[in-house]
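The primary structure of each chain is shown beneath.
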Amino acid sequence: MRPLLMKGHERPLTFLRFNRDGDLLFSCAKDHHPTVWYADNGERIGTYNGHNGAVWCCDVTRDSSTLVTGSADATVKLWDVASGRCLYTFDMKVPVKSTEFSVGENLLLITTDPFMGAPSQIHVKRRAKNVEDQEDDTLLTIKGPQGRINRAVWGPLNKTIISAGEDGVVRMWDAETGELLEQREAHEKAISSLALSPDGSHFITASADKSAKLFDTRSLEVLKTYQAEARVNAAAISPLLDHVVLGGGQEAQNVTTTSSRAGKFEAKFFHKIFEEELGGVKGHFGPINALAFCPDGRGFASGGEDGYVRMHHFDPQYFTMKA
Amino acid sequence: MADVMAPPTPPHEVAAKDDITLDIDWSQVNLDEIQLPPGDDLGIHSDEEEDDEPDLETESGFGNIIVVDNLPEVPPEKYEKLVGVIRKIFARTGTIRENGLWMPVDEETKQSKGYAFIEYNTPQEADVTKEQTDEYKLDKNHVFKVTKFDDFDKYSKVPDQYVAPEKKPYQTKEDLLWWLQDERARDQFVIRYAAETEVYWNDARLGKPDLVYHRPVWTESFVQWSPLGSYIATVHRPGAAIWGGESWGRLARFAHPQVRLLDFSPGEKYLVTYSSQEPANPRDTQKVTLSIWDIRSGKKLREIAGNANDFAVGGAAGVAGIQWPIFHWAGGKEDKYFARLGKNAISVYDTKDMGLLDKKSVKAEGVASFSWSPLEPLLALYTPETQSGNNPARVSLVAIPSRVELRQKNLFSVSECKMYWHPAGEYLAVKVDRYTKTKKSTYPGFELFRIKERDIPIEVLEIENKNEKVVAFAWEPKGHRFALIHGEGPRPDVSFYSMKSKTGQDKLTLLTTLKAKQANALYWSPQGKFIVLAGLKAINGQLEFFNVDELETMATGEHYMATDVDWDPTGRFVATSVTAVQPMENGFQVWSFQGKLLYRVTRDRFFQFLWRPRPASLLDASTEAEILKNLKDLSKKYLEEDEAAEQGQNKELLEKRRQLMDEFKARQEHWHKFYEEERELRRSLRDGDESDDEEDYEYEEVEVEEVIAVTEEIVG
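In the order they appear, the protein sequences are chains D and Z. Residue numbers for the first sequence follow full-length UniProt numbering, so the first one is 1 and each next one is one higher. Residue numbers for the second sequence follow full-length UniProt numbering, so the first one is 1 and each next one is one higher.
It is worth saying that the hints were derived from the structure and are not from the lab. Glycine included, every Cβ here is placed at the ideal spot set by N, Cα and C. Each hint should be verified, as a subset may be incorrect.
In silico BS3-like cross-links for lysine-lysine, where the CA-CA straight-line distance does not exceed 30 Å [said to hold, decoys possible]:
| id | chain 1 | residue 1 | chain 2 | residue 2 |
| --- | --- | --- | --- | --- |
| 1 | Z | K478 | Z | K409 |
| 2 | D | K282 | Z | K157 |
| 3 | D | K159 | Z | K673 |
| 4 | D | K224 | Z | K157 |
| 5 | Z | K157 | Z | K352 |
| 6 | D | K224 | Z | K665 |
| 7 | Z | K130 | Z | K168 |
| 8 | Z | K517 | D | K282 |
| 9 | Z | K363 | Z | K452 |
| 10 | D | K189 | Z | K208 |
| 11 | Z | K137 | Z | K478 |
| 12 | Z | K651 | D | K224 |
| 13 | Z | K352 | Z | K431 |
| 14 | Z | K500 | Z | K352 |
| 15 | Z | K478 | Z | K500 |
| 16 | D | K143 | D | K159 |
| 17 | D | K159 | Z | K478 |
| 18 | D | K282 | Z | K537 |
| 19 | Z | K651 | Z | K636 |
| 20 | Z | K673 | D | K224 |
| 21 | D | K282 | Z | K596 |
Residues from chain D that face chain Z, not an exhaustive set, calculated with beta carbons under 8 Å [claimed, not checked]:
| id | residue |
| --- | --- |
| 22 | N41 |
| 23 | V103 |
| 24 | P156 |
| 25 | T160 |
| 26 | E251 |
Between the sequences and the hints, there should be enough to build the whole structure, so can you do that?
Shown next as structure tokens:
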């Protein structure tokens, strides 16, 4: 399996997202410029220029027409995917950590960092189908816990919001009322990312406590635990096989003090059901910060602290190997 | 509360809620077994720490006073003279306080009463004095009887009438060697990580450790097996404890507050515990207390206390700090003697009365280090050159208890000596670092003593290249060979020598030299023949498994960042571990002796890996040879067992996987149902965009007309 090395970012990667068709890969990095690539050959199509801070996350509509990005410059921007034009800017006043379209893409979920003594917050905004009608008002604001929320996603049918953050707790909120429905103290250390399965029935969390866990989206029940050897920064669920992939490595600040082999900068595959390690994909020379599976499950992309995106298309053996 | 505490009443008050009924038969509960979470006493006040903690100061405040009896009874005119004599004798072992010497006088006869009180500055001085001047012969008729003042109370309480001690009913003790009877002859090991202590079977067949016993917060700093594996010792604030038997019950406690280190005698008869007390005043020296215990009875046999400086090694060369163990036990299983390094002497103690052997130390002017033969009471002493260089450095062998010097060797321009005993006591290798002519650097060499031969002949091994350093040296246990890592650069050579020539004569023979190896430590199998060349720490855990009989490498491996290598006592397995001195990769790996990785376990904050030692084999050499000869036939049975077990295990694993798979499948069905139910709702959320699935693409042809340019042309 020869990966495509996609060099375009000048700072560590933060987030990766495929569009629904799997032909485009959107990448976010700390260098202010979200980038879109052809997933097939790794060619860079273009960048979305306008942010003035690290871009933490993005989401794209099902028809691949509109991109939303959230940035530490305290704005959320809507972009025209094809032209790279900024369509609308929400001024959030506080650095934004995560944003996501709802099912149907009429709502937008935004989380903001704790700032000036205020706790982290989850915001729900309406997204107009027609950009000219877009308004700035917020439908719902949930005051989150102290400590950053690193990722929030929509539950089934937009009825719930699931958030995870620095306190290691996974919380489920009512998306209508903002009421806290359920919480799990799942991890001993900060949860750095959370990724849903394709059908939204379960999700995986990645934590600095060197483990990743699989949850039931409706009950927040912990189903599986995957034990890694270093902190886990990102995790993703395969849409095709019963596999999950974990990425991470020792903290970036320690990288220079130890040999590169000590870092564990591998994307590690686990069997989703047996919790057994299947293998690893090496390559990055810094911790892995972001992971995403192709929607067809025939490849995956990883983004590292080293500023590279590596696009892997699986060999045929991957699909025939015995679990 | 009343119904909870139905008789027999427990010894502690338990804070239980009234509405909870605990159905506990208190007669069945062994209170010693109850473990509380660390730092939490659940409202139960522990009795353990209180009664175990004797005052650090003396009980009555008179601890620094001694009473000397059997003095001459003298008239007043001789009184002052006698006081002068006594003062002279007793000032040798400590400072007598001002007005600290009082010899009572009979009012009627004006004669002195024949006893005196002496007050020292410290109780330690009083202790030392008692030890050294008791039975001091002033003259034929006056042999001093020295008693500590505090002891009077104790002795006066002794009843005049002898009462026979009550005979305790015989209690069957647990079999301490139960683990040797494991059907599959597995070995045990203990690991300590975070706050946990766990004992496992090494189950190579299953390819994983098999838990035997787990106990959180078993010890406060470390655990230690006894040399024959019967006990495991733990360390606590009030003292040390030993545990054993199949139930891992506590066998004895040794009350020694703030105990820091401990050491077993090789025959497991005695235990030495050590504590040191930081001085309250920086000008004072550190106080050190050593206790020697009888393991089976749990009784303290002797306590030795003093200033840290008295126990620091280095002799005349200066204080080099305390090196554990302070006491070195003589070889063999008898535990007859133990010794420690003193100033210009080796103090050898006899375990019969725990006192100095023949009441005096073995004189050795300027001695810097010593070691016992692992086999017999034979001391090897090293005395460095005196500063002027007039007296050469010396290595001498002294037999105990006769104190006869069996052999000695003078060595010139020596910088340092290090002694390596052959594990069976057959040879002694002394590594000698000598100065070069310029005195700017040193070069190594070896003096090899054949202990078992008549007159103990010595052979010399010189290393040809004078710039080379010796990185490691190791004798082959149960054999005549040794291995040596020597070299200049980062890739040294490894050489193997034999003390016997090919024809079996006593002649030092080079077997082979392996060039440019990544190794800095040597680990022989306890059975000999195999050796692990390990590159630890800076070399990142390179391992090479080498067969010395065939002189070939069997396998190489790597345990990244490994800090420790340990052979199991049978020589079948090797454990490599990364302990918490490294920030990452903590855990251990177990290898077969051929260098095949069997399994690995990762544990954060990993502190200790210790194989449980085994007592020596009961088979004699000929029986062992017989077994080796018929190994093929004998091992058949075990190979078959292994195979059967492996198949069974595979089956088990498959079964477990199937079960997991079924459970997950059921859950997926459940999810799918939800998903189907919500299909319509989802569609409506998406404004009628129905597809959830990839296949249902809608193809829409869109014609886009774009005006590229408009040009106006005026036609004619």
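Under the criterion that the straight-line Cα-Cα distance not exceed 30 Å, is the pair K500(Z), K352(Z) satisfied?
-> violated, 40 Å
Is the Cα-Cα distance between K159(D) and K673(Z) 30 Å or less?
-> holds, 17 Å
Measure nothing beyond the straight line between the CA atoms of K673(Z) and K224(D); if it is 30 Å or shorter, mark the hint as holding.
-> Given that 30 Å is the threshold and the Cα spacing comes to 21 Å, the pair holds.
Hold the hint about E251(D) up to the distance rule: shortest CB distance to chain Z must be less than 8 Å.
-> violated, 11 Å
Are the Cα positions of K159(D) and K478(Z) separated by 30 Å at most?
-> violated, 74 Å
Holds or violated: is the Cβ of P156(D) closer than 8 Å to a Cβ in chain Z?
-> Holds - the Cβ of P156(D) comes within 8 Å of chain Z, reaching about 6 Å at its closest.
Does K208(Z) lie within 30 Å of K189(D) when you go C-alpha to C-alpha?
-> holds, 28 Å
Does K478(Z) pair with K409(Z) here, judged by a C-alpha cut-off of 30 Å?
-> With Cα atoms ~26 Å apart, K478(Z) and K409(Z) stay inside 30 Å; holds.
Going straight from one Cα to the other, do K130(Z) and K168(Z) come out at no more than 30 Å?
-> It is violated: about 35 Å lies between the C-alpha atoms, which goes past 30 Å.
K282(D) paired with K537(Z) [C-alpha distance capped at 30 Å] = holds, 24 Å
Sort out whether K500(Z) lies within 30 Å of K478(Z), counting only the CA atoms.
-> Status holds; Cα separation ~14 Å.
Verify the proposed pairing of K363(Z) with K452(Z), using a straight-line Cα cut of 30 Å.
-> Since the Cα atoms of K363(Z) and K452(Z) sit roughly 25 Å apart, the hinted pair holds (cutoff 30 Å).
Hints 2, 4, 7, 11, 13, 14, 17, 22, 25 and 26 from the list above are not met by this structure, while the remaining hints are.
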